[in-house]
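Fit chain to chain and form the complex, with the hints in mind.
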Amino acid sequence: AQSVTQPDIHITVSEGASLELRCNYSYGATPYLFWYVQSPGQGLQLLLKYFSGDTLVQGIKGFEAEFKRSQSSFNLRKPSVHWSDAAEYFCAVGGNSGYSTLTFGKGTMLLVSP
Amino acid sequence: ETGVTQSPTHLIKTRGQQVTLRCSSQSGHNTVSWYQQALGQGPQFIFQYYREEENGRGNFPPRFSGLQFPNYSSELNVNALELDDSALYLCASSFAQGGYGYTFGSGTRLTVV
Numbered sequence: 001a002q003s004v005t006q007p008d009i010h011i012t013v014s015e016g017a018s019l020e021l022r023c024n025y026s027y028g029a030t031p032y033l034f035w036y037v038q039s040p041g042q043g044l045q046l047l048l049k050y051f052s053g054d055t056l057v058q059g060i061k062g063f064e065a066e067f068k069r070s071q072s073s074f075n076l077r078k079p080s081v082h083w084s085d086a087a088e089y090f091c092a093v094g095g096n097s098g099y100s101t102l103t104f105g106k107g108t109m110l111l112v113s114p
Numbered sequence: 115e116t117g118v119t120q121s122p123t124h125l126i127k128t129r130g131q132q133v134t135l136r137c138s139s140q141s142g143h144n145t146v147s148w149y150q151q152a153l154g155q156g157p158q159f160i161f162q163y164y165r166e167e168e169n170g171r172g173n174f175p176p177r178f179s180g181l182q183f184p185n186y187s188s189e190l191n192v193n194a195l196e197l198d199d200s201a202l203y204l205c206a207s208s209f210a211q212g213g214y215g216y217t218f219g220s221g222t223r224l225t226v227v
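Going down the list, the sequences are from chains D and A.
Going by this note's numbering, the first residue of the first sequence is number 1, and it counts up by one from there.
Going by this note's numbering, the first residue of the second sequence is number 115, and it counts up by one from there.
Extracted from the complex, chain A is given alone in its bound form (with noise of 0.2 Å):
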């Protein structure tokens, strides 16, 4: 059983640039949870795909977009990046009928200079 994996692990990127970070699910799971941590604080909800589809979504704005594929893997975009953006980016797998089952991938690293 796979878990899920997140690349790139880091990335640094210049104000105004966009950038997009990958997620592939645990094996099974067909829920995809986006969060964002900044430094000194704990995750915050931005938004949750399920059948390719947008379920849920954080106060965060529409820079912050995303995308799930058939395989459950997902993307996340943000756009006209902030130097607030910088944080580790976390990706959650679930399956939504089943109960509880979060998996988290180790993150990743964006730095917006």
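Bound conformation, chain D alone (with noise of 0.2 Å):
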């Protein structure tokens, strides 16, 4: 069965310091993975996704995530946070097929200082 893991609930990172956002992943065949964000009371807005390739992946708003097999891990990263990035990210796995449907993990609260 396929699964995810984001093993913090909340992060807090002072305005512009570096953000990683951890997530492990389960899955038995070639995981597909995205990070989303959602703004409270919001819909979740992708922020980048991995299906293949270069296991470096470039997202919107500054956002970057690394694909490591070996580590079953595919982790968020901003070099510079800002305020607006408060929100809550979820990790998801499914597959990259208008049918398919995402496991998401339990989600991380980000919190930014100033």
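Some hints here could point you the wrong way.
[Said to hold, decoys possible] Now the in silico label distances, taken between C-beta atoms and shown as ranges: (1) D:28 with A:193: 41 to 47 Å; (2) A:125 with D:64: 18 to 24 Å; (3) D:114 with A:176: 47 to 53 Å; (4) A:191 with D:5: 31 to 37 Å; (5) D:39 with A:191: 25 to 31 Å; (6) D:42 with A:176: 26 to 32 Å; (7) A:125 with D:53: 40 to 46 Å; (8) A:131 with D:72: 38 to 44 Å.
For the record, the hints were derived by calculation from the structure and aren't laboratory data.
Glycine included, each C-beta is placed from N, C-alpha and C at the ideal position.
Below, the structure written as structure tokens:
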């Protein structure tokens, strides 16, 4: 069965500091990995996705993620956090077709301090 | 290009009642999936509809049911509401014959009292 673990429930980062959110997955086949962001009361916005190829993927809003098969990880990074990045972040695993369903982690809440 | 719209945005129901949530797919999409997001949790897959038929189901009881209409819009129905059904319900549409392309709606916040 597929699963996603986000070990950090909350993370607080100072504005301008770097950020890394951790994600570990379990998947029986080639994983297709996603990071979503959710602001309070909002739906999910896709930040980036990994299907194959280069293990470092770039996304929107200056985010990037690195796929490490040996560690079953897909960590999200940003070099310099802005106050507007405060939100909840979800890692997910699934397929790359229009039929695919997603398995999400429990999320990491990012708080940004001045 | 319109996105995914869900209605209503908020809803309060009493335990034991029935509720219907609605979702309009993004233009050009023919598949609709529903997810339940309880407070402090990630979204969980409820079911998916394609060509007006259920095309996959997560670990949810039969009192969760759905419909997809010819215009690809969809409904989620929940019977005999329980307190634990309180959650944000997210609808996502996609094009089955394409590659990945989920678009999520903003959700319906259901509170069961």
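Hint by hint, work out which the structure violates, then give me just those numbers in ascending order. 1 and 2
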